[in-house]
Amino acid sequence: MRILLVEDDPEVARFVAKGLRESGHVVDWADNGRDGLFLAASESYDVIVLDRMLPAGMDGVRLVETLRATGSRVPVLFLSALAQVDERVRGLKAGGDDYLTKPFAFVELLARIEALGRRPRGEAPLTRLVAGDLEMDLLARTVRRAGQVIELKPREFRLLEVLLRHAGQVVTRTMLLEAVWDYHFDPQTNVIDVHVSRLRQKVDKGFAYPLIHTVRNAGYMVRADP
Amino acid sequence: MEGAEANESGWRSVRSIGFRIAALHAALMALSSGALVAFLWWNTGGYLDRQVERGLRGDLAAFAADHRAGGSAAVAAAIEARLAEDTDTEAIYLLIDARGVKLAGNLDAWPAFLAPGSEGAEGRLAREAGETTARLQALTFPDGSRVLVGRDVGARRQLQALVAESVFYGLALAVVLAASGGLLVAQVLARRTAPLLATAAAIGHGDLARRAPLSGNDDEFDRLAGSFNAMLDRLAGLMEGMRQVSNAIAHDLRTPIARTRAGLEEVLREASDAGALKAGIERGIEELDRVIALFEALLRIAEIESGARRSAFATFNLAQAVEDVAALYEPVAEAKGIRLETEGPSVLNILGDRNLAAQAVANLIDNAIKFTPEGGLVRVRVAGSGGWAEVSVTDTGPGMPEPVRARAVERFFRGEPSRSTPGFGLGLALVDAVAQLHGGRLDLVAGPDGQGLTATVRFGREGE
Numbered sequence: 005m006r007i008l009l010v011e012d013d014p015e016v017a018r019f020v021a022k023g024l025r026e027s028g029h030v031v032d033w034a035d036n037g038r039d040g041l042f043l044a045a046s047e048s049y050d051v052i053v054l055d056r057m058l059p060a061g062m063d064g065v066r067l068v069e070t071l072r073a074t075g076s077r078v079p080v081l082f083l084s085a086l087a088q089v090d091e092r093v094r095g096l097k098a099g100g101d102d103y104l105t106k107p108f109a110f111v112e113l114l115a116r117i118e119a120l121g122r123r124p125r126g127e128a129p130l131t132r133l134v135a136g137d138l139e140m141d142l143l144a145r146t147v148r149r150a151g152q153v154i155e156l157k158p159r160e161f162r163l164l165e166v167l168l169r170h171a172g173q174v175v176t177r178t179m180l181l182e183a184v185w186d187y188h189f190d191p192q193t194n195v196i197d198v199h200v201s202r203l204r205q206k207v208d209k210g211f212a213y214p215l216i217h218t219v220r221n222a223g224y225m226v227r228a229d230p
Numbered sequence: 003m004e005g006a007e008a009n010e011s012g013w014r015s016v017r018s019i020g021f022r023i024a025a026l027h028a029a030l031m032a033l034s035s036g037a038l039v040a041f042l043w044w045n046t047g048g049y050l051d052r053q054v055e056r057g058l059r060g061d062l063a064a065f066a067a068d069h070r071a072g073g074s075a076a077v078a079a080a081i082e083a084r085l086a087e088d089t090d091t092e093a094i095y096l097l098i099d100a101r102g103v104k105l106a107g108n109l110d111a112w113p114a115f116l117a118p119g120s121e122g123a124e125g126r127l128a129r130e131a132g133e134t135t136a137r138l139q140a141l142t143f144p145d146g147s148r149v150l151v152g153r154d155v156g157a158r159r160q161l162q163a164l165v166a167e168s169v170f171y172g173l174a175l176a177v178v179l180a181a182s183g184g185l186l187v188a189q190v191l192a193r194r195t196a197p198l199l200a201t202a203a204a205i206g207h208g209d210l211a212r213r214a215p216l217s218g219n220d221d222e223f224d225r226l227a228g229s230f231n232a233m234l235d236r237l238a239g240l241m242e243g244m245r246q247v248s249n250a251i252a253h254d255l256r257t258p259i260a261r262t263r264a265g266l267e268e269v270l271r272e273a274s275d276a277g278a279l280k281a282g283i284e285r286g287i288e289e290l291d292r293v294i295a296l297f298e299a300l301l302r303i304a305e306i307e308s309g310a311r312r313s314a315f316a317t318f319n320l321a322q323a324v325e326d327v328a329a330l331y332e333p334v335a336e337a338k339g340i341r342l343e344t345e346g347p348s349v350l351n352i353l354g355d356r357n358l359a360a361q362a363v364a365n366l367i368d369n370a371i372k373f374t375p376e377g378g379l380v381r382v383r384v385a386g387s388g389g390w391a392e393v394s395v396t397d398t399g400p401g402m403p404e405p406v407r408a409r410a411v412e413r414f415f416r417g418e419p420s421r422s423t424p425g426f427g428l429g430l431a432l433v434d435a436v437a438q439l440h441g442g443r444l445d446l447v448a449g450p451d452g453q454g455l456t457a458t459v460r461f462g463r464e465g466e
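So the protein sequences, as listed, match chains P and Z. Per my numbering, the very first residue in the first sequence carries number 5; after that it's consecutive. Per my numbering, the very first residue in the second sequence carries number 3; after that it's consecutive.
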């Protein structure tokens, strides 16, 4: 993917850019809002990673507002040291698509960038999700694996749906907590792990190969390789 | 310099609300009594004057008719008749012929101030009883003779002067009274605001324990001082919280950071191969993540306590939110062999922050599950009355002794000295902060039959 990184701290920028390049992405870096806006407007990117606070009179929120005003719909992820919920809401209201607070783990950032970049845009809504021999019908709300119907509770269905939508990508525990439960706090105990292990009991147990994989120090990934 | 200061204080007294009230009061008093007096003046004094004018005109009309009927002799006769009837000697008449010789009347000569052609005038006149003021009107008949009629208005003028004088002194008195009333109000204002000002000034100089004294009248000033004091108490509470946080950072944050640092140093010194180095650094990152989580929990509590989150308040179904959190923890409880039960209405709306309420309930359930042994029961109960909604979580764990319960909401306070259970000791502090943000509180009591613990978080329902 082609990623624009707008970040004024050179150390953070270097660390993020290096990590993204190692993961196979092309990264352009701007260290202020003006250059960032210029690049965002003139080049074509899959994702923009944007620091919330930038020097030279053009902060992240202004940049996104300006960019959205030109009709651009490129996904934007805010990186910010401002953790307050109000700040988060402001960032998303201005047109941001996701918000990550500093300090962050690189895997969390990478997972969120890849989730944003591969998000289907503008196409007709999906009605069916497939991974290997598993098939999810979003309209009938049914799941089959190898022709066998799997009964899921609504939350389990939603959990599997989020994992399937990001098949082949890492989905972190925080992303699951936000996407499935809409909670923006740390539940201390690893409740997500317990839910995923329950889901595995239904989806993976007794089948030829596992679909839900644990990615160490990061989260989970649905991968369909027999 | 002193002059400038005096000038300054002079300006201050002019700009004081007390002075302005006094001035406004005096001006209003003067204006209203002035309006009253003017009305009275016009209505009484003016009435008397108009009465006189009408009388004079009536006399002249009658004389004109007499003259047409019988000439000057008839007029003279009429004058004599009228003079005979006039007992209070107010009326003045004089009839002269064309040559100026007096024919009848009680005046000796035609007064100088009434010019021959003029219709009427007022002036001083010498009469038998002495000099007086008279209002006169004159009429010239076709044969050249002239008649003069008048009224002695000396007594009236005297009365009017007296009234004018009393009006003047009355007005002056009213202004003086109003001004002194205003000054009194100003003084009361100054006296009542002085303790507030003194308290604010003392606090400005760093004496944060000062509070405004109450007079005990329960009036506006007492209410002002009361809310002033409540505000100060709130600020003092926040400062105390800040102090606690910084102490906590000093103690409880130092420890894990020191441990991380020591661990990394050890890895650097002793790791012989890349694998050991990597493992050591990973451990270091994990420990740093815990420090970050701790930091975030602290900041979150501070954010909640500052009240800034109230802007995100909306009406939501608390019962549903609790149900959702319970569902989130249900597999955790099940994995530990604990039953997690919820009971209560299915709809209970409150005005608040759904995410924070969920986090508070999550903390309570998380705690309950942590401290309940296998085979135990965690019961979550939602209840609501008019002004309150509450969520209580009862466990069958070891419970908390009274002194521990009293301190449980303090930051970093942990019930067990052994610290065998993971956590920072911030969970209940956060629940308490969330409850307070919603106008409620957190209560910890022993569970039923004295076993376990019941944690009840209350939410206010005002405005819902």
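These aren't lab readings, by the way, just hints derived from the structure by calculation. Mixed in with the good hints, there may be bad ones.
Unchecked claim - Calculated lysine-lysine pairs in the DSSO-like style (CA-CA distance at most 27 Å, straight line): (1) Z:372 / P:22; (2) Z:104 / P:157; (3) Z:280 / P:157; (4) P:157 / P:22; (5) Z:280 / P:106; (6) Z:280 / P:209; (7) P:157 / P:106; (8) P:206 / Z:338; (9) Z:372 / Z:338; (10) P:157 / P:206.
Results of checking the hints against the structure:
1. Z:372 / P:22: Given pair residue 372 (chain Z), residue 22 (chain P) is violated - Cα atoms ~41 Å apart, limit 27 Å.
2. Z:104 / P:157: With a Cα-Cα distance of about 131 Å, the restraint between residue 104 (chain Z) and residue 157 (chain P) is violated, given a limit of 27 Å.
3. Z:280 / P:157: violated (41 Å)
4. P:157 / P:22: With Cα atoms ~41 Å apart, residue 157 (chain P) and residue 22 (chain P) exceed 27 Å; violated.
5. Z:280 / P:106: Given pair residue 280 (chain Z), residue 106 (chain P) holds - Cα atoms ~23 Å apart, limit 27 Å.
6. Z:280 / P:209: violated (34 Å)
7. P:157 / P:106: Violated, at roughly 35 Å.
8. P:206 / Z:338: holds (20 Å)
9. Z:372 / Z:338: holds (9 Å)
10. P:157 / P:206: holds (11 Å)
Of the hints listed earlier, those the structure fails to meet are numbers 1, 2, 3, 4, 6, 7, in rising order.
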